[in-house]
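Go by the hints and put chain L onto chain U.
Heads up: the sequence lines are chains U and L, in that order. Each residue of the first sequence is one higher than the last, beginning at 1 in UniProt numbering. Each residue of the second sequence is one higher than the last, beginning at 1 in UniProt numbering.
It is worth saying that the hints were derived from the structure and are not from the lab. Where hints are given, some of them may not hold.
Which copy is meant is left open, because identical chains are indistinguishable; a pair holds if it fits in one copy or across any two.
To be verified - Straight-line Cα separation of at most 25 Å, SDA-like style, residue types lysine to any residue; simulated pairs:
1) K220 x Y190
2) K56 x K106
3) K56 x T201
4) K216 x R147
5) K106 x E117
6) K59 x W9
7) K220 x R140
2 protein chains.
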Amino acid sequence: MSFFSRNKWNPASKHCYVTGGSAGLGLSLAVLLASHGAHVSIVARDTSKLDDALNKLEKARVSEDQIFRSHSFSIGTAEGANAALKAVTDEHGGLTPDAVFMCAGKSTPKFFVEMSEQDLTEGMTDGYWVQAWTAWAVTRKTVEQQRKGKLCFVSSTVGYMSFVGYASYSPGKHALRGLADTLRSELILYDIDVHIFFPTTMFTPGYEEENKTKPKITLKIEEADSGLQPEQAAAGLLKGIQNGHTHITADLITDLFRSSTRGSAPGHNFFYDSLLNGIAMVAVPFWRSSVDSLVRKHRPEHEQHLRERGFPIQDPSK
Amino acid sequence: MSFFSRNKWNPASKHCYVTGGSAGLGLSLAVLLASHGAHVSIVARDTSKLDDALNKLEKARVSEDQIFRSHSFSIGTAEGANAALKAVTDEHGGLTPDAVFMCAGKSTPKFFVEMSEQDLTEGMTDGYWVQAWTAWAVTRKTVEQQRKGKLCFVSSTVGYMSFVGYASYSPGKHALRGLADTLRSELILYDIDVHIFFPTTMFTPGYEEENKTKPKITLKIEEADSGLQPEQAAAGLLKGIQNGHTHITADLITDLFRSSTRGSAPGHNFFYDSLLNGIAMVAVPFWRSSVDSLVRKHRPEHEQHLRERGFPIQDPSK
Numbered sequence: 001m002s003f004f005s006r007n008k009w010n011p012a013s014k015h016c017y018v019t020g021g022s023a024g025l026g027l028s029l030a031v032l033l034a035s036h037g038a039h040v041s042i043v044a045r046d047t048s049k050l051d052d053a054l055n056k057l058e059k060a061r062v063s064e065d066q067i068f069r070s071h072s073f074s075i076g077t078a079e080g081a082n083a084a085l086k087a088v089t090d091e092h093g094g095l096t097p098d099a100v101f102m103c104a105g106k107s108t109p110k111f112f113v114e115m116s117e118q119d120l121t122e123g124m125t126d127g128y129w130v131q132a133w134t135a136w137a138v139t140r141k142t143v144e145q146q147r148k149g150k151l152c153f154v155s156s157t158v159g160y161m162s163f164v165g166y167a168s169y170s171p172g173k174h175a176l177r178g179l180a181d182t183l184r185s186e187l188i189l190y191d192i193d194v195h196i197f198f199p200t201t202m203f204t205p206g207y208e209e210e211n212k213t214k215p216k217i218t219l220k221i222e223e224a225d226s227g228l229q230p231e232q233a234a235a236g237l238l239k240g241i242q243n244g245h246t247h248i249t250a251d252l253i254t255d256l257f258r259s260s261t262r263g264s265a266p267g268h269n270f271f272y273d274s275l276l277n278g279i280a281m282v283a284v285p286f287w288r289s290s291v292d293s294l295v296r297k298h299r300p301e302h303e304q305h306l307r308e309r310g311f312p313i314q315d316p317s318k
Numbered sequence: 001m002s003f004f005s006r007n008k009w010n011p012a013s014k015h016c017y018v019t020g021g022s023a024g025l026g027l028s029l030a031v032l033l034a035s036h037g038a039h040v041s042i043v044a045r046d047t048s049k050l051d052d053a054l055n056k057l058e059k060a061r062v063s064e065d066q067i068f069r070s071h072s073f074s075i076g077t078a079e080g081a082n083a084a085l086k087a088v089t090d091e092h093g094g095l096t097p098d099a100v101f102m103c104a105g106k107s108t109p110k111f112f113v114e115m116s117e118q119d120l121t122e123g124m125t126d127g128y129w130v131q132a133w134t135a136w137a138v139t140r141k142t143v144e145q146q147r148k149g150k151l152c153f154v155s156s157t158v159g160y161m162s163f164v165g166y167a168s169y170s171p172g173k174h175a176l177r178g179l180a181d182t183l184r185s186e187l188i189l190y191d192i193d194v195h196i197f198f199p200t201t202m203f204t205p206g207y208e209e210e211n212k213t214k215p216k217i218t219l220k221i222e223e224a225d226s227g228l229q230p231e232q233a234a235a236g237l238l239k240g241i242q243n244g245h246t247h248i249t250a251d252l253i254t255d256l257f258r259s260s261t262r263g264s265a266p267g268h269n270f271f272y273d274s275l276l277n278g279i280a281m282v283a284v285p286f287w288r289s290s291v292d293s294l295v296r297k298h299r300p301e302h303e304q305h306l307r308e309r310g311f312p313i314q315d316p317s318k
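The shape of chain U in the complex, shown without the other chains:
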């Protein structure tokens, strides 16, 4: 069990399957794993981005034996995730990957009352199913083959907490945490390790995209975030895996939430976690009060915004 083991996980010669591997965190992680000698399979939708990504993997190659493959699949459905996994395993004698990093996902922040039915269902697909189906497909195959394995989900700081704007995204990122915490316990049955990464803001193409729909008040609340480059986030993820962390964080703010929002997942260092937890108990209420106050002050501007966009506000009916 990795719980008792002090040997750090080494990607060299392991087959690593990275979803969302053509851009952002997924690409940075795929390149990092390649530079550590791993065989890397990436899956994403856009074939030209996948080609560019393969070129980057080649540049990171450290051994002639390394196998790099890319496959274009949409993995937001069970069928898509199964088909992608089949393509990935076919290149490796049908065997399941040694480690799976589920980096696919995206966020489309908006006000809840302006979200359509489609916004909410797509939010759950882009935040949750795009990873859950891969975990399901991989786990079934790995158990069939009686192999060991390693699953790493990618949640978000808003998988620990949430605020205005994230009604379509935070639920899926919390759901991933529920799934990861369940599987950490359940997959002990098969010696499959489960990890989940909670990155803060990352300066990726996806981040630029989400800022296009992000409410002003949400942008304002996030002003103080320092954010990470995807390479920094990927390095933090790999370090967490190597330290055997179940919940992985790569910045202090998210680590404060981790220490005080851990549920039944294992912590890191008891004393460090207790210290952060104590800080969080005092600091989080101050943060919340200041954010609540920002939201409250935003009311007139928000009412104006809704009226301008044709939201059918009636006169107060009291």
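Showing chain L alone in chain U's frame:
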């Protein structure tokens, strides 16, 4: 804001909409609200159970003016939730309810590798969408009418933590928490209060149903749970609402998890929460180790179980 107010919320003469109101927690809560003088609308699917429930509401009546109504709808879709809300508001001059209690939901525990695509999607519908669509429908209408409101979601102890067996349920219950924590912040914009209840095991018809599919190892882990009668849970829920708690709990074990898994949601009493948090920091790792050890010891029996049920386990391929 309820945050500053010391006036306890009083259900008398308020219009309360209770989903899942024909059985279990929903029925007990509907009866409790009726006995406090509320107008109560209940929605569920089974019309004969709804009729029985209306009879129970009549017995709890304290004033001739109280309006009790039942409506049969399936509310696992946006369309169903909108239609149910229309029926409920039509009986009250088109006005949105003063408070909405989302008690609909169910759990179907199984081993992850034995879950079908349908098990997983239905788990999310029964755990999450059956409440999320109602919250969405109600919030939009309430903002249109510029009325105040009160939303109360019902999650579960496995919305705070999770273990073997709950891969289709815990994600939805975590997702509800992500939604509730988002909306607690966002709906400050409209003076709509948001609460979320985390009940432990409740001895309801739904509990008897879920035990039929529950893996033995999950039953064993839950052996020590004392559980609540639905009337106790309903009383705990109402007390939490009246105390202005965002996260509501009705038993000590779940309260331990609440205090140490609060994310950015407001706590209860700082000193009490700090005490519980300290206990949880020490106690939860012991609980986890013992449960992990139970799961590990369950391996041979589990492999036998999978083989008997025809799960295609291959010989170890190393």
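Taking the hints in turn, this is what the structure says about them:
For the identical chains of this complex, K220 and Y190 are inter-copy neighbours only, at 19 Å across copies versus 45 Å inside a copy, given an alpha-carbon limit of 25 Å. For the identical chains of this complex, K56 and K106 are intra-copy neighbours only, at 22 Å inside a copy versus 47 Å across copies, given an alpha-carbon limit of 25 Å. For the homomeric pair K56 and T201, the shortest alpha-carbon distance inside one copy (23 Å) is at most 25 Å, but the shortest distance between copies (52 Å) is not. In this assembly of identical chains, K216 and R147 lie within 25 Å of each other by CA distance solely across copies; the values are 24 Å between and 48 Å within a copy.
In this assembly of identical chains, the alpha carbons of K106 and E117 lie at most 25 Å apart whether taken from the same copy (17 Å) or from different copies (22 Å). For the identical chains of this complex, K59 and W9 are intra-copy neighbours only, at 23 Å inside a copy versus 64 Å across copies, given an alpha-carbon limit of 25 Å. For the homomeric pair K220 and R140, the shortest alpha-carbon distance between copies (24 Å) is at most 25 Å, but the shortest distance inside one copy (43 Å) is not.
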